[in-house]
Amino acid sequence: MRVLIAFCLVAMAVVAQDRSVTVYVSTDFEHAEPILKAFEKATGIRVAAVSDTEDNKTVGLVNRLIAEAGATRADVFWNNECGQTIRLARKGLLAPYVSANAATIPPAFKDATGLWTGFGARGRVIVVNTKAAAISTAPSRIADFADPRWRGTCVMSKPLFGTTLTHAAILGVRDGKEGMFKYFREVLANGTRFEKGNAPAMREVADGGRPFGMTDTDDAHAAVLDGKPVGVIYPDQGPNDVGVVLIPNTVMMMKGAPHVSEAQALIDWILRPETEAELAKGRSAQIPLHPGVPRPEHVKGFEDLKVMVVDWESVSQVLEGAPDDLGKIFIGSNPNEAVSGATDRGPTYILAGLVALVIGLAIFRMRTRA
Amino acid sequence: MGTSVSIREVLIRAGSRVLVQHMSVEVGLGETHAFIGPSGAGKTTLLRAVAGLVRLSEGAIALGTTVVATADSEVPAEERRVGFVFQGHGLWPHFNVREHLAFVLKCAGVTATEANSRINTVLGEVGLTALALRKPDTLSGGERQRLAIARAVATEPALLILDEPTASLDPITADEIRDCIRLLTRRTGSTVLLVTHDQREAFAMAKAVSIMSAGRLLQTGTPEVLWNHPDSAAVAQFLGEATLLKGRLLDGRRVETCLGVLSLSDVPRGDDVDVVIRPDDLVLGDPNGVVADVTSSWFREGKYRLGLKVGASAFFANSATSAKIGEQVRVGVKGSCPAVSRSSPL
Amino acid sequence: MSIRGAAVAWGLASLCLIVPLVFIGVEAASAGGVVATLVDPELHRLLLNTLALAATVTVFACVLGFPLGILLGGYSFPLNRAIALLAAVPLLIPHHVQTIGWMRVFGRQGWMTEALASLGVTLDVRAAAFPGFWPGPAWIMALALFPLVALPVAAAVTRLDRDAIASATLAGGSSAALRVAVIPAGFTALPGAASLVFALASGAYAVPSLLDTPVLVQRVFFTFSQRSQGEGALLVLPLLVSAALAAALLGDPWFRSGAMGGAGRTARERVGWLGTAIAMFPVLCGVIVPIGALIAKIVEEALRNPSAPSPFKVVFSRTAASFGNGLIFAMLATVVVLLTAWPLARHFAARQGAISERLLTASIALPPLVLGVGTILAWKHVSNVPLLDAIYRSGLILLVLGLAGRFLPIVVRDLRDGLLALDPSAEEAARVAGASGMRRTWGVVIPMMRSSIIACIVIAFTLAITELDLTLLLYPPGMETVQVRIFNMVHYARDAEVSALCLMAVAFAALPVSFYALLRRRKGT
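In order, the protein sequences belong to chains A, B and C.
Be aware that the first sequence starts at 34, since it is given in my numbering, and climbs by one per residue.
Be aware that the second sequence starts at 58, since it is given in my numbering, and climbs by one per residue.
Be aware that the third sequence starts at 31, since it is given in my numbering, and climbs by one per residue.
It is worth saying that the hints were derived from the structure and are not from the lab.
For clarity, every value in this text was computed on a predicted model and none was experimentally measured.
Glycine included, every Cβ here is placed at the ideal spot set by N, Cα and C.
Just to be clear, a hint being listed does not mean it is correct.
[Claimed, not checked] Here's a subset of chain B near chain C, in silico, CB distances under 8 Å, partners left out: (1) A108; (2) A134; (3) E135; (4) F141; (5) G145; (6) G147; (7) L148; (8) W149; (9) H151; (10) F160; (11) V161; (12) C164; (13) A165; (14) T212.
[What the hints assert, rightly or not] Here are some chain A residues the structure puts well away from chain C; computed CB gaps all over 12 Å: (15) D144; (16) D274; (17) G276; (18) G334.
One chain only, chain A, in its complex shape (with noise of 0.2 Å):
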């Protein structure tokens, strides 16, 4: 027991240190730890990570911030997207700080307050099997996911969690929200297959399930990596189209953080261009949004590309409620085979008569046994 007391009391102190950080981090840890570990090594600042992915089966980082609210034992959070970041801008966890290295990203990915600030983005894009069919055959639109010339041959994510829920979202500020579910519905009743995840539909592009594919920029990258026939097409880059949805990293300070200079300066180091090069060189294949950063290739730059301008504050609006909704449509039901929408009574009388059945069991046992 001494020695248990005396483990945690090191623990204690070690973490007590006076000089550290504490950043919960929701990116490709391999590709953050590094940039983390630079900026320990340059500052002398210990950083202490909590790693977590986005497309988390548990929402752990989240769910574990909004639990610590108001005692709060992060400093940073560093999410790999968009949509969880307006939530804990909106219930109030977060502090505003406007960096300097964020100066130059556009406008367009930055609170205008400071609350939270973007960088390198991941596009939504469309993939190919180019085994399967030829580029020029793909659809190029987001909207072609519910052209019956698809009719069958496409998968995506589910939209409930990380990217693809932003990308709802931005589905519904621009066509309202019962656009947007009609939208769904329409690529459900298209035959689309809908994945939990963008990785999972990037694989079932990838080994050939489906020709087509809707997913996130960093997993088909990985894909083509992995040797796989995958093509990859930027949609809506006509001249009357919006453009593509490019979901940024996030990076913001928590209210009430312990370490707050600390806190600012790890934020500046995440903001500056050579981190964004670090994260285009990476799997990940991010897209850099300070402009002129350097870039492998195969990553497209931020002005190449037509992207749609995005009003986040609007986004988090629709982000109120839109997910309540879609979990009817996505959740509870397979929607592979069919579109939930069950408000009979049945279940609720079979569920009675079952715990009916196991009450009545337990007193036939427990007056048998006495």
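Put chains B and C on the given structure of chain A with help from the hints.
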């Protein structure tokens, strides 16, 4: 040194079941007192309560002048200085013979030197010296029983409780165990409470015996008193091989039965009595006796045991000679017999 | 057990389980719309699906685990020691790894699916065979959980009096012994094991999530992440109720064997290679398929890119520290869970069938997300108290307590069963000899419980070191575990590296199990 034991109006419940009802027994300092009765009589429960392993619902138990248990308060078992030999032994598989004794002596606060000497003495007395380093699973049934006894007496407790100490042992080993117990308790002077279902064992070891049935005390007394003056038919029958003959009281000490007019050792209450007839009370070939049919015959412990039938009544007699089944013999009764009132409680 | 002992037991249980649940309960109650949420027919439909899936998993796990337990406990056959060791390994394989392995067989591009497709048979591992029956997800979950049936059944059969088997054999041969002695003895452990599997299957998330099975826990996670934690927690209530009802119904043996006694010394009957074949089947499915899939991935990658460095080397250089972290958490959690479980098990052994015991069993159905958030909420409230603040901010104790709370019901049950199998007069003998409570515990009960305690240590350590969901919520900053690392890497499809790390993690978690098996073998127990 022993202690007196006073069990006063003890009632023990388990849920809604009454296991022991209103038992009162007094046991003198250094005495051996046996509790006998059929299975489920509540004997073990009562003695577990004396040891502090079962709570009382009513009544009180005192060891010496100290009240150790009432319904509201009790001295914990570990503070009562009681030795207990459990029916299933309750040995500790991870300790060897010597360690069993060392553990209990340590618990009793005995110094290491003193403990060593006591262990040697007790192991010698129970005949386990050569097996001191063996673990229980390598011992025979008799050796395990000796170990259980040695463990119980090692601390020289004021009170030793033995729960069926010879059950499931062969007769020779059982006799050895009884001798062992006598030897040890004579040295320590402990008071002994013995639970058994064997009347012979109880009579052989105890100064006084309590007979229990269905949680109730039927009778307490010395073996002689119980044998010669049973309070009830149940007591008479439990003490062994007794046949109850229906009789009608003629006067104070004479009763009319199917075996003729018999004289009684007690003056019973009421006119309708049952006379207690035991095999040794019957005389075969008595010219004044009644005619009986032989229904069975077998050899036992140097005598022949004959099953006899007179009218509807059947009983056993001991005989020096054998008889054929179906043969008729004359049978009489020698001396006076105990009798119980037919209305006496079970 | 004394009142003081019970108080200590419940105090410790409160710290790691009950208080977090109270806090999450308050959060749920304050969510608003409680009645509307609970009477929603959509919720009922999901709950029915959950019950159906959990029931199927339970049946499958019993079908896989019961014969294995009977064989391991009652018979001797070639390779039985190796199979006994392997039987516990599925518990070490994270459910998502189990799923990934089976997807290589029955997934859309799985070799079995493609083989069947060439014969014109369409197979979709995710689809329901008929409403309420999902054989694919149920099969995979059952393969991860069947050791929870096999091990207690084996233990129950081992405790069977060998004379009971001998007398049945004399009466009617081996089949009679199996019918009237061995199987009834195994049945005594079955309901308790089934209730545990049912509870775990009700709250399991990884497999339904990966295979898109429409169960309530999916809705719970969605609501947690997109709506509110209170509302999400509210949805857990029906899960807990159903698990509690299952525990109430199955908590005690339905079938009693009258012939329980000490283990005899008679040699076990030999059943030859047939026994090996039967026992091997679940082990093959639960261990060889997922491990084989991982190895296949590494080999495939090595063939594709022969010049690439060994994925084992690559990942180990990056994740060595995370092995150490996991080890520290698991060891501390094991200590805490044992300290907490011991008095509780003593309490339950003295008061069998208590409602509180049923509720504790039901709590295993609690999704770790709920317990984790509850733990944070509880400790947050003392975050301004000196020292407690340090505990809250360091996070180490929170994770240790969370893990302890998560696995407490399993360890309590195992310890309680061990205590019930003891001869009560052994402790009573120590008591009347004057041994105090502490001396009785250390001198008599714990040594007699040694094998049960070691088994519990192995179980608690193994479960803690392979835990992911709760760890993600509670692990101290900068101290991630291997499971967290694997989870992060899975997202970016570094298949070979993930496979290598998974294999290393399984081997690492298997160390204590192997050590235990070695110890047993040396002691000849």
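Checklist entry - Does B/G147 pass the interface check with chain C, least Cβ-Cβ distance below 8 Å? => result 3 Å, holds
Item to check | Hint validity - B/F160 Cβ closer than 8 Å to any chain C Cβ | outcome: 6 Å, holds
Checklist entry - Should the interface hint for B/V161 be scored as holding, given a Cβ-Cβ cut-off of 8 Å against chain C? => result Holds, because the Cβ-Cβ distance from B/V161 to chain C comes to roughly 4 Å (cut-off 8 Å).
Item to check | Residue hint B/T212, partner chain C, criterion CB-CB below 8 Å | outcome: 7 Å, holds
Item to check | Closest CB of chain C to the CB of A/D274 still more than 12 Å away | outcome: Its Cβ never comes within 12 Å of chain C, the nearest being 29 Å, so this holds.
Checklist entry - Given B/F141 as an interface hint, is the shortest Cβ-Cβ distance to chain C below 8 Å? => result 4 Å, holds
Next on the checklist: Under 8 Å is the threshold here; is the Cβ of B/A134 close enough to any Cβ of chain C for the hint to stand?
Outcome noted: 5 Å, holds
Next on the checklist: The hint names B/A165 as touching chain C; please verify it with the least Cβ-Cβ distance against 8 Å.
Outcome noted: This interface hint holds because 5 Å falls under the 8 Å limit.
Checklist entry - Given B/A108 was flagged as interface, is its beta-carbon under 8 Å from a beta-carbon of chain C? => result 5 Å, holds
Checklist entry - With 8 Å as the cut and Cβ atoms as the points, is B/H151 at the interface with chain C? => result Because about 4 Å separates B/H151 from the closest Cβ in chain C, which is inside the 8 Å limit, the hint holds.
Item to check | Hint check, B/C164 versus chain C [nearest Cβ-Cβ separation less than 8 Å] | outcome: 4 Å, holds
Next on the checklist: A closest beta-carbon separation below 8 Å is what the hint needs, so does B/E135 meet it against chain C?
Outcome noted: 5 Å, holds
The structure meets every hint from the earlier list without exception.
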